[in-house]
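Protein chains in written order, with this note's numbering: chain A, 128 to 689; chain B, 4 to 363.
Rather than coming from a laboratory, the hints here were simulated on the basis of the structure.
The C-beta atom is built at its ideal place from N, Cα and C for all residues, glycine as well.
A portion of the hints provided could be inaccurate.
[As the list claims (entries may be wrong)] On the chain A side, residues computed to face chain B include the following (Cβ under 7 Å):
1. His-156
2. Val-160
3. His-182
4. Met-202
5. Gln-220
6. Pro-495
7. Val-496
8. Gly-498
[Unchecked claim] Straight-line alpha carbon distances no greater than 25 Å define the calculated PhoX-like cross-link-like pairs of lysine-lysine that follow:
9. B/Lys-158 with A/Lys-155
10. B/Lys-221 with B/Lys-158
11. A/Lys-388 with B/Lys-140
12. A/Lys-578 with A/Lys-411
13. A/Lys-155 with B/Lys-140
14. B/Lys-209 with A/Lys-155
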Amino acid sequence: MNDLIKIQLLILICIPLVANSQSVASTKHNLSVSGAIENQNYSVQSMCEFCHTPHSANPASPAWIRNNPGTRYIMYDEMISSTSNIEADPSRQPDGSSILCLSCHDGTIAPGNTNSTMPPGSSSILGTDLSDDHPISFVYDATLAASDGQLKYTPLFPVTLDANSKVQCASCHDPHNDTYANFMVASNEFSDLCFKCHDRTNWSLSSHSTSTAGWNGSGTNPWSHNETSFSNVAQNGCGNCHVMHTAGGKPRLMKAALEEKNCLDCHNGSVASTEKNIETQFTKPYRHNIFGYDQIHEPNEPALITLSKKHVECADCHDPHAVNNSPANAPYANGFLAGVMGIDPNGNRIDAIQHEYELCFRCHSDNPVTGPTTSRQIEQANTRLEFAPTNASFHPVEIEGRNTNVPGLVFPLTESSIIFCSDCHASNGTGAPAGPHGSIYPQILKYQYEKTDNTPESAFAYELCYSCHTRNQYNTETGDNVQQQIHYMHVVEEQTPCNACHDPHGISNTQGNPVSNSHLINFDRSIVQPRSGGALYFQDDGYRSGRCNLMCHGSDHDSRNY
Amino acid sequence: MLPQNSFGFTNLIKMNHEFYLKSLLAGTLIMVIFFPVRGQSQNPVNHSQNKKNYSIHWVSQFPEAKSRKKSDNKERKTRKNKNWFSDLIFGEKSADLVKPMSVLAVNPDTFWVADQGIGSILQVFNQVGEITQFRNKAVESIPSIVGSCFMPNDKILFTDSKLNKIFQFVPGDKELQILNDSIVLEQPTGIAYSVVNKQIWVVETKAHRIAVLNDKGKLIKQIGGRGNAPGEFNFPTYIWIDRSGLVYVVDAMNFRVQIFDKNGEYISAFGEIGDASGYFSRPKGIATDSFGHIYVSDALFHVIQVFDRTGKLLYSLGSQGQEKEQFWMPAGIYIDHKDFIYIADSYNSRVQIFQLICAD
Numbered sequence: 128m129n130d131l132i133k134i135q136l137l138i139l140i141c142i143p144l145v146a147n148s149q150s151v152a153s154t155k156h157n158l159s160v161s162g163a164i165e166n167q168n169y170s171v172q173s174m175c176e177f178c179h180t181p182h183s184a185n186p187a188s189p190a191w192i193r194n195n196p197g198t199r200y201i202m203y204d205e206m207i208s209s210t211s212n213i214e215a216d217p218s219r220q221p222d223g224s225s226i227l228c229l230s231c232h233d234g235t236i237a238p239g240n241t242n243s244t245m246p247p248g249s250s251s252i253l254g255t256d257l258s259d260d261h262p263i264s265f266v267y268d269a270t271l272a273a274s275d276g277q278l279k280y281t282p283l284f285p286v287t288l289d290a291n292s293k294v295q296c297a298s299c300h301d302p303h304n305d306t307y308a309n310f311m312v313a314s315n316e317f318s319d320l321c322f323k324c325h326d327r328t329n330w331s332l333s334s335h336s337t338s339t340a341g342w343n344g345s346g347t348n349p350w351s352h353n354e355t356s357f358s359n360v361a362q363n364g365c366g367n368c369h370v371m372h373t374a375g376g377k378p379r380l381m382k383a384a385l386e387e388k389n390c391l392d393c394h395n396g397s398v399a400s401t402e403k404n405i406e407t408q409f410t411k412p413y414r415h416n417i418f419g420y421d422q423i424h425e426p427n428e429p430a431l432i433t434l435s436k437k438h439v440e441c442a443d444c445h446d447p448h449a450v451n452n453s454p455a456n457a458p459y460a461n462g463f464l465a466g467v468m469g470i471d472p473n474g475n476r477i478d479a480i481q482h483e484y485e486l487c488f489r490c491h492s493d494n495p496v497t498g499p500t501t502s503r504q505i506e507q508a509n510t511r512l513e514f515a516p517t518n519a520s521f522h523p524v525e526i527e528g529r530n531t532n533v534p535g536l537v538f539p540l541t542e543s544s545i546i547f548c549s550d551c552h553a554s555n556g557t558g559a560p561a562g563p564h565g566s567i568y569p570q571i572l573k574y575q576y577e578k579t580d581n582t583p584e585s586a587f588a589y590e591l592c593y594s595c596h597t598r599n600q601y602n603t604e605t606g607d608n609v610q611q612q613i614h615y616m617h618v619v620e621e622q623t624p625c626n627a628c629h630d631p632h633g634i635s636n637t638q639g640n641p642v643s644n645s646h647l648i649n650f651d652r653s654i655v656q657p658r659s660g661g662a663l664y665f666q667d668d669g670y671r672s673g674r675c676n677l678m679c680h681g682s683d684h685d686s687r688n689y
Numbered sequence: 004m005l006p007q008n009s010f011g012f013t014n015l016i017k018m019n020h021e022f023y024l025k026s027l028l029a030g031t032l033i034m035v036i037f038f039p040v041r042g043q044s045q046n047p048v049n050h051s052q053n054k055k056n057y058s059i060h061w062v063s064q065f066p067e068a069k070s071r072k073k074s075d076n077k078e079r080k081t082r083k084n085k086n087w088f089s090d091l092i093f094g095e096k097s098a099d100l101v102k103p104m105s106v107l108a109v110n111p112d113t114f115w116v117a118d119q120g121i122g123s124i125l126q127v128f129n130q131v132g133e134i135t136q137f138r139n140k141a142v143e144s145i146p147s148i149v150g151s152c153f154m155p156n157d158k159i160l161f162t163d164s165k166l167n168k169i170f171q172f173v174p175g176d177k178e179l180q181i182l183n184d185s186i187v188l189e190q191p192t193g194i195a196y197s198v199v200n201k202q203i204w205v206v207e208t209k210a211h212r213i214a215v216l217n218d219k220g221k222l223i224k225q226i227g228g229r230g231n232a233p234g235e236f237n238f239p240t241y242i243w244i245d246r247s248g249l250v251y252v253v254d255a256m257n258f259r260v261q262i263f264d265k266n267g268e269y270i271s272a273f274g275e276i277g278d279a280s281g282y283f284s285r286p287k288g289i290a291t292d293s294f295g296h297i298y299v300s301d302a303l304f305h306v307i308q309v310f311d312r313t314g315k316l317l318y319s320l321g322s323q324g325q326e327k328e329q330f331w332m333p334a335g336i337y338i339d340h341k342d343f344i345y346i347a348d349s350y351n352s353r354v355q356i357f358q359l360i361c362a363d
C-alpha cells in the first residue's frame, strides 16, 4: 500500500470522528478544562488530545544516556494500519485501543476496576479467570465461535472488532457518543447488544425474555447491579442475572457469587409472581438445598451427577435461558424444565430432556445422592431401576401401569394415566409453586405420608395416597369387593400404614418378580417379619386374589389368602 | 535530602539488614553478567553533568517470574476448597497480585501492595505474599483501591476512589478503620504523608484539588480547583511528598507535574502532552529518590521517566512488554530510603524493583 492510499484511508477514518466531535464535547469524555467550566484566561485545550495524544513531539534525549536521541512512542490510534502491535497475554493484558480506555478507567481519573481479560481457549474455562469483567483483547473468529458453540460467527453491526479482529472496549462502547448512556454503541434494551455476538437456544421464547414483570418495590431492587436498568424482566434481558463489569460471580459474570442469589433476588416475591415465589419454599425443612453448595455446579458438568461433586443449584433443574410457562402432560417435561439435560431410562445422557423423570435421574439413579428411607425386603437406591417399564409393578411415571384394574382412582385419573415425579414430590401447601423445591414433609412430599406403624387412619395421615386413590375405598368396611375389605382391615383396624406393604416407586425387575411383587408389594421389614420357618412373601393369585406368608402385628400369616 | 517515610518499621529494617549486603552483591553480579544490555533504553546510566554516574538496575520482581501462571486463581477461596490442612503443614501459599496500583516499601523484602483486582493490601515478606483479610466489616468490599502511604506508628493509609474513603490499618493487626468517616471526599486517589508538618495530603481527582488533613483526618485546607493555571488542576491523581516536605502532584489531564512547598504554595511545574520521551501521555505514579530526581510512570508509553526539578529528562526506563524491565501500564511508584524503586506494573500483575546506584 503506498503512502497516498494510507493518507486517504486516514482521512476517511477521521471523518466520522470529526462528525462526532460535537457529541464528545457534551459528554464526560470531554476532559478539557474549557469544556467543563468557563475559563477565558488560559489556553483552550483540544478535547481530542486526552485520548489522541498529538503526534508531533520531538523526543527529548535522556541526559543520563550518552548519544541517546530519545524515543517516539507509537500511540494506539496509529496502530490501526500497523501490524507491529505487541501481542498481549489475553489472560491478563488488555491491548489495542482498550489501553486508551483503561489508562483512565483505573479508578484514578475515571471509574475503574475494569480487570478485563480473556483466558486462553473457550468460554468453558472462564471459571479459572480472575476477571470480573467481560473479556476484551481476544481474537473473535470462526474458531472461537465454533469452540464456544453459542456465538455468532462474526459480530453484527454496530458491534465491531478492531483491525486485529479483537474485541475491545470499543466493540460495545463508542467513547465519542453518549446517546445510549454509558457510551454504548446502541441501546441494550432487551439485551439487543448482547445478541449481536451471543446466541442462546430457546431464548426468544423464554419467560426471562418475554416477561413484563417489574419490581414491586419490596425488598431490594434486583436490578441495582445494572448501571442502566430497565423496568421489566424482558427489557433487562441478560442483565437480570449477568453484569458486564465488576461481576460478583466472576466465572460467568453473574451478578452474585452465590448461584442461588441470582435467581432468588427476583423469585422472592419482589418481581416474579406469587406462584413463582420460590424463596419461601426453600425455608422449609425438607428441600433441595441450593444453599448448601457453592461453586460446584458447572454448566458443562456431566449429566449424571458424581457423588464427589454432589450438589444442587437452581440451574441444575432450570435453564434460565430457555425456561417458559408452557404446560405439559405427564410424562412430558413442561416449560419450567425446558432445555435442561438429563438421564434417559437406559441411563444415557440427553442434552435436553423430553420427560420430567429424566431430570430427576441426574441425581436419583446410578449415583444415588439419597438412600432408601424405608428398610424393605427388596432394597433399591437406583430410582431409575424402580420405575423401569419392565418391572413387575411401578407407579406409572414412564409408561402406564401394569394393573388394569385400580379401584377408586380420583377423576380424571384412569388406569392408563401417567403421572409426574412432581405429582408426589413437590412443595406442600395450597398455591405453592410447582416442583420439589421445599416441603414440610420428608422426601419433599406434597402431602402427609405417614409411614410409622400403628398410625390411626385419617384423611390427613395418608393425604398423599388419597389425593389419587379415593379414601372411601379404604376406610369403610362395607364394600362390594374383597380388595376393599382387606385394606379396611389392615389400614383402619390394624392401623398399618400403606407404606408397610407397598413400595410406592416400584420393584426393579433385577430383584423382584411378577408373582411376589405385583401391586407394588415390597414389605417394610421394620413392620413385617418372616414366619417362624423363614417364609416372607406375597403371592399373586390373579384377579383380586392373593396370599401372604409372613408375621405381622403378632399375627402369623400362614398362606392367609383373600 | 532523604525520601519520606524512613521512620517506623525499624524492627523490620533490622531484621533485613542482611538483605542489603546480599542485594549489593547481587547487583554487582548483575552488572558484571548482563552488561552490555541489549536495547538503548536499558543501557545503564554512566553520565551526568554533576560528575556523578547514575545507573538504574533491575533487582527483583514479585511474584517471581517462574511462579506466575496464566489465569491463576490461588486467592479465590471458596467455602469448599480451602485446604486448611495442607496450609497447616506446608504453610500458606503465596498469593499473587492481580492489578497493583501502588506500593509501600521498607526494603525489597518487605513491602505492601495496594491491589485493585484483589481489593485489599497484599503484604509481601521474603517473596511470600499474603492478602490482608480485614477482620471487621467497616465496609463490605474495597472496590477501587488506588493510593497508599505510610504513617507514623507503623500505620498504613489507603484510598478507595469509589467509596470516597481513606482507610487505615496497622499491618498484622488487620483491624480496618475509616479515617474520619465524616469527611467528604470526591474521588480520593493519591495520598501522601508529610513528615515535616504531620499532614496527610489526599488528591480529590473529581474535585480537581488536594485536601490537606491533620494526622487525625481533620480537614485543614484545600488546595487547587479546576483549571490549567499554576496551582490549578485537571484530574490530578498520584502525589508524593519528599522528606523535606516538597509536594509533587501528577496533574494528569494537564499533562504536567506540579511542585508545591510544604505549605501548599506553588513552586513550579513541568511537562506537556506529546508522544515522545520527555513528554506525558498518561502520567501515573510519582516518586523522588534521595538525590531529588523525579520518577513518573506513564501508562500509555509503558515507561518510567526520570526528570530533574526543571523537567529535563534524565532517563527513560523500560518499554511495553511482559519481560523483565518491561511494563504493561505501570501505575504507582515508591522509592525507599536506600533508593530502591518499586513499580506497580499493573497489567503485568507484578511489582518490579529497581535500584538507583550512584557512583561519584
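**Request:** Kindly indicate which numbered hints from before are broken by the structure, ordering the numbers from low to high.
**Result:** Of the numbered hints, 1, 6, 7, 8, 9 and 13 do not hold.
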